[in-house]
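Peer 1: Sequence:
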Amino acid sequence: MLDRKFHSWTHDKLQRACAQALDAKGFCRKSGRLLARELLKYSADRLFPFRSYIEDAKNVGWVVDIGRQHRKIFSPMRYLLLEFICKGDRMALSNRRTSKRRSLLRDDASFIDKLKKAAKTESSVRAVAGRLQVDAKTVKAHANRLQIEGPWKLETRALRNGNEKSAILEETRKEWKRFIELGFTCSQIRKSNPALYWRLYRNDRNWMKAHFPRRHQASPKSRVDWPALDDVLSVEILRRSQEIRCLSPPVRVTLAELERRLGKVNWLRPRLGKLPRSDSAVKAVLETTEDFQIRRVWHVKRILRKNDTPLKAWRIRRMAGLNPNISERVLSCISSEA
Numbered sequence: 029m030l031d032r033k034f035h036s037w038t039h040d041k042l043q044r045a046c047a048q049a050l051d052a053k054g055f056c057r058k059s060g061r062l063l064a065r066e067l068l069k070y071s072a073d074r075l076f077p078f079r080s081y082i083e084d085a086k087n088v089g090w091v092v093d094i095g096r097q098h099r100k101i102f103s104p105m106r107y108l109l110l111e112f113i114c115k116g117d118r119m120a121l122s123n124r125r126t127s128k129r130r131s132l133l134r135d136d137a138s139f140i141d142k143l144k145k146a147a148k149t150e151s152s153v154r155a156v157a158g159r160l161q162v163d164a165k166t167v168k169a170h171a172n173r174l175q176i177e178g179p180w181k182l183e184t185r186a187l188r189n190g191n192e193k194s195a196i197l198e199e200t201r202k203e204w205k206r207f208i209e210l211g212f213t214c215s216q217i218r219k220s221n222p223a224l225y226w227r228l229y230r231n232d233r234n235w236m237k238a239h240f241p242r243r244h245q246a247s248p249k250s251r252v253d254w255p256a257l258d259d260v261l262s263v264e265i266l267r268r269s270q271e272i273r274c275l276s277p278p279v280r281v282t283l284a285e286l287e288r289r290l291g292k293v294n295w296l297r298p299r300l301g302k303l304p305r306s307d308s309a310v311k312a313v314l315e316t317t318e319d320f321q322i323r324r325v326w327h328v329k330r331i332l333r334k335n336d337t338p339l340k341a342w343r344i345r346r347m348a349g350l351n352p353n354i355s356e357r358v359l360s361c362i363s364s365e366a
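Heads up, the numbering used here is the position in the sequence shown plus 28, with the first residue counted as 1.
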């Protein structure tokens, strides 16, 4: 084998060659599955003489891996040993003894005859089972199937005639219609009465599909008259801004404060594009930080004059809550005597 020419095979081609060799040797079923136990046993016997000086001959588990679809790369020695294994003598798979199909008692006429005779002579179910060498439940099952009378109670199934089935089906349909009249959806019926749902689904599916509850369609939303709404909001924004400016202590006129006063929190900001007049009114009444600081200064001065308190710059700044970094316009407002 070592003197043979080297073939540059791909991994897939090498894998197919190994599988074909094992199949030809009879180690694969017709479906292509590998007979792992037989392959391991045969490989261990075949490689037994090499166990003392070849490491791969001691543990032959790799033979199963190399015969299956894998993503492994094996050493060249293992491929040589596999070829040696496949060259040995072995009986073909077609000559192997196949197991017989297990016969069923329901198809065994002799068992049925013995059951009928034992039912007349024996006094209990256990005695019949012992005589036939089967389980007591097996005796009962076949006796009920064939309606054989004996030392047991037959479990007869009440067969419903066509009229009775029709009456039950009609009652089921009425119950389904009752749920629909109450305004239930299909999901609600299934949740509240699953037995009714599945009874119709299994036995009267076409009628059930034809009588599904109508889906609740959402009522269409009334269209908004944006120009008319814009006119109303623009006037309301101006009025609310004047209310905010009259508050004491002062509150800054912001868009969030206007939304709170209008009762439309987080509603006005994303819709200003559809309300041009309201947008212009908002921009006209909004206060900057500097404007709000000046309005606080005038508010503090009014309080100090009312209390006949000297108008000191430090006192005005402290009462107005101004930070050290203020604009020249605010400073001039503080220092003015007006």
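Since the hints were made in silico from the structure, they are not lab data. Since this is a predicted model, take the numbers as computed values, not measurements. The beta carbon of each residue, even a glycine, is placed where N, CA and C say it ideally should be. Treat the hints with care, as some may be off.
Simulated restraints on C-beta separations [what the hints assert, rightly or not]: (1) R233 x K145: 44 to 54 Å; (2) W342 x D319: 49 to 59 Å; (3) K145 x I196: 16 to 26 Å; (4) K340 x S308: 35 to 45 Å; (5) R173 x G60: 32 to 42 Å.
With a straight-line cut-off of 27 Å between C-alpha atoms, the simulated BS3-like cross-links for lysine-lysine are [stated by the list, open to error]: (6) K145 x K115; (7) K148 x K168; (8) K115 x K58.
Peer 1: Indicate whether the distance between the beta carbons of R173 and G60 respects the range 32 to 42 Å.
Peer 2: Taking Cβ atoms as reference, R173 and G60 lie about 40 Å apart, which means the hint holds.
Peer 1: Regarding the pair K115 and K58, is the alpha-carbon distance no greater than 27 Å?
Peer 2: 21 Å, holds
Peer 1: With a cut-off of 27 Å on the C-alpha distance, tell me whether K148 and K168 pass.
Peer 2: 14 Å, holds
Peer 1: Lying within 44 to 54 Å: is that true of the beta-carbon distance R233 to K145?
Peer 2: 48 Å, holds
Peer 1: Measuring from beta carbon to beta carbon, are K340 and S308 in 35 to 45 Å?
Peer 2: At roughly 41 Å between Cβ atoms, S308 and K340 fall inside 35 to 45 Å, so the hint holds.
Peer 1: Just tell me: holds or violated, for the beta carbon distance of K145 and I196 against 16 to 26 Å?
Peer 2: 41 Å, violated
Peer 1: Measuring from beta carbon to beta carbon, are W342 and D319 in 49 to 59 Å?
Peer 2: 23 Å, violated
Peer 1: Does K115 lie within 27 Å of K145 when you go C-alpha to C-alpha?
Peer 2: 60 Å, violated
The structure shown violates the earlier hints numbered 2, 3, 6.
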